[in-house]
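> The primary structure of each chain is shown beneath.
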Amino acid sequence: MTTPSIRLKLLAVVVLLTVTLGVAVTVQLRTALLRTAGAELDKRSISIAADLAMRVTEPLLTRNTLDVRDILLDIASNNPDVRYALVVDSQNRLVAHTFQGGFPRDLLAHRPVQLGDNPDLVILQSDEGPLHDAAAPIVGGLAGHVRVGLTETHLVASLRQVERLQVITVILVGLTALGAAYYGIFRLTRRVQDLALAARRVGAGDMTPRVAPGAPDELGILAGAFNEMTERLAAAGEAVRAKEQARTELLQKVLTAQEEERGRISRELHDEIGQALTGLIVGLKVLKGPTDAQRLRDVAAATLESVRRLSRDLRPAVLDDIGLVAALRRYTEDFSRLHGIEGTLQVVGHEETRLAPAVETTLYRVVQEALTNVARHSGARHFGVVLDLRGPVIQAIVEDDGRGFDPASPKAGMGLASMTERTALVGGAVTIESRPGGGATVYVKVPAEEGDRAHSDC
Amino acid sequence: MRRAPWLLLILTLSLLLAGCSAAPPGLVIRLKDLDPTLAAGDPGISPRPVLRVGVSPMLSPREMLLRYGPLMDYLGRRLGRRVELVLPRSHTETFEMVRSGAVQVAVVSGYAYVLGQKEFGMEALAVPTYDGLPTRRAHVLVRRYSGIIQFSDLKGHTFAYTDPLSASGRLYPEAKVLDLSEPLDRFFERTTFVASDDKALKALDQGLVDGCAVDSAMYDYAVLADPDLARRLRIIDTSEPLGAPPVVVSPRMGSELKRALQEALLDLDQDDVGRSVLSRLQTERYVKPDSAWYESIRTLAAQVGARQ
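Protein chains in written order, with this note's numbering: chain Y, 926 to 1383; chain F, -5 to 302.
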């Protein structure tokens, strides 16, 4: 058995309610009408009997039976509800009646008449249905009595009519209610279906669907919330995609940088250390005197220095051993000496402050990259590095007096991406202030307590 | 739980419909089973001999029944018979019923007695007294503010007689017309016979006629029932004493029954039951009749040229 839809259930409820109400009202109306009309019939039979008793008095007493019968027939023809009327004299003898061709004996035999002050009314059961039989005395019973029997035939017929109308009304109202309910429910459930459809598409990754909110009811609120959620999902997806792209680019750059580094190391090994070692080998073959030995010793010392610098560039051991401040100081000094650009490192706060290894590595590398950029592109003659170790946010500032650039240009963006990425990994941010011809300043801000998602090995 | 609403609905409907079940079956009357022997009414067979008493209409049949019913019961007990009251529609009908024997006893008008005595030996047994007298008078009445103050003023007006066989209701006003040397057929603009004294008074009171003549005792009864009537109507003429309506019997009645009946009537004032019967009849007692009391009626009849 399949579960019926809400639409069907709601419609079933409406139909059930309408039919129940209709049947209940019809039945109740019928009962009430039957009771009221029955009582009305009782009253009428009593009233007709009393009226007849007055009218037949004179012809009855003067033995004018024909007149008595005429009066009875007149009453019967003027009142369709009157099934019969009869007059009985004081000796209980039948005087006149409205039947043609005989008289039903049962009517006298099965009906004891008690004439008193109150009208005598009995409901008789007959082969034609119930009869409201009223008896009224003539001259206080001295001259006999009149009996009138009213049938319920017309009453029942008019009740049927009312009932039929009622049933038609119920059906019409039911159909109208059904139509209205179907329309209302259709509109309601269509919104639900729209929502479900949109949700399914969003679930499949399509962020474009929006649901018309419609009336500001519960479903409208739901639709609003859904739209809002979809928008946020789309925005979040966009951010994820952007990050993904940046990550890919960074990976590319890392690989490139790695290749460059390897190339440089290869060149240095080949050009400097290789040549120096070749010189040493050649010198050792032709070694003749102490001056040659001295020259060879110098060559070996220079080679050793080259190897050390190469090693330091690859991974400054001081960062692990002596900390960020000392490493940066040594690097800036080397940088100034190597590139012939004047500049110093200024530290605010305790120089002995040790940060998390990842934070220290990041700051070191970012400053290193910023200074490399200065050396490569700015053509500056001075530079300055400020490291602020106070507070929960560590700040590093690298400035130069070079030719500057437009930070919004795509080329600049590309060059600065690896710095930004690296900083973002430890929850920090990079800001660049520069304009063409006006130098450049790089602000790096990193929280002192970095998260655990960063790695110290980059 | 899923079926609970349906069950509830069925339960509700069955409860509602339970109120509509039919009443317990009792005796069923077969309206279509007609008995042709009852077509004209049941004649019935009385276990006792029936004495039919006709009473001429002086009041409405209803009033007559209420007045004479106790007398019939009394006579029935005294005579050991089933006494049946017959209310003919006119004095003439009563007269003819006595003549034909349709009733054995009757209360007839004085003039009917005079006629019956002469024509077939109708015999009077007793006469009721009123104000101590066995006679009545005829009153001629008009509406008080009709402008008619004497009998001659009625010329060209409408007039209600009671019955052709009534001395007070017909013979006397006709005699008055003749006294004025006026032709009977043209004096009144229109005349009508209304059968009883109370109807004549009613017709006059309601303006259907301009004048009428009634028995003085009947007029007194009417004023007793409706005292204001005396202010609305005016008596413009009153006759000499006329013999009161007697209780008569057919000449064919056996002398034993006749004697017993006369005794019963004359003894009415002797016991409480009889006195209550008399008071209902608004009569002091019944007395033996004297033919001389009806002489004035005979004179009136001769005067107007009616049958005697």
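Don't take each hint at face value.
To be verified - Every beta carbon over 12 Å from chain Y, so not counted as near; a handful from chain F, in silico: (1) 31; (2) 54; (3) 63; (4) 76; (5) 87; (6) 94; (7) 143; (8) 173; (9) 176; (10) 189; (11) 253; (12) 263.
Stated by the list, open to error - Computed beta-carbon distance windows for the label pairs: (13) 22/F with 972/Y: 22 to 28 Å; (14) 126/F with 972/Y: 43 to 49 Å; (15) 1025/Y with 232/F: 51 to 57 Å; (16) 202/F with 1083/Y: 38 to 44 Å; (17) 144/F with 998/Y: 47 to 53 Å; (18) 1065/Y with 232/F: 44 to 50 Å; (19) 44/F with 998/Y: 26 to 32 Å; (20) 225/F with 1025/Y: 49 to 55 Å; (21) 22/F with 944/Y: 34 to 40 Å.
As the list claims (entries may be wrong) - If you want the footprint, here are the derived chain Y segments under chain F, 3+ residues with CB under 8 Å: (22) 1024 to 1034; (23) 1350 to 1356.
Simulated from the structure, these hints should not be mistaken for lab results.
Here a beta-carbon is modelled for each residue, glycine too, at the ideal position from N, C-alpha and C.
> Could you check the structure against the hints above and give me the numbers of any it violates, in ascending order?
Violated hints (numbers, rising): 1, 2, 3, 4, 5, 10, 18 and 23; every other hint is consistent with the structure.
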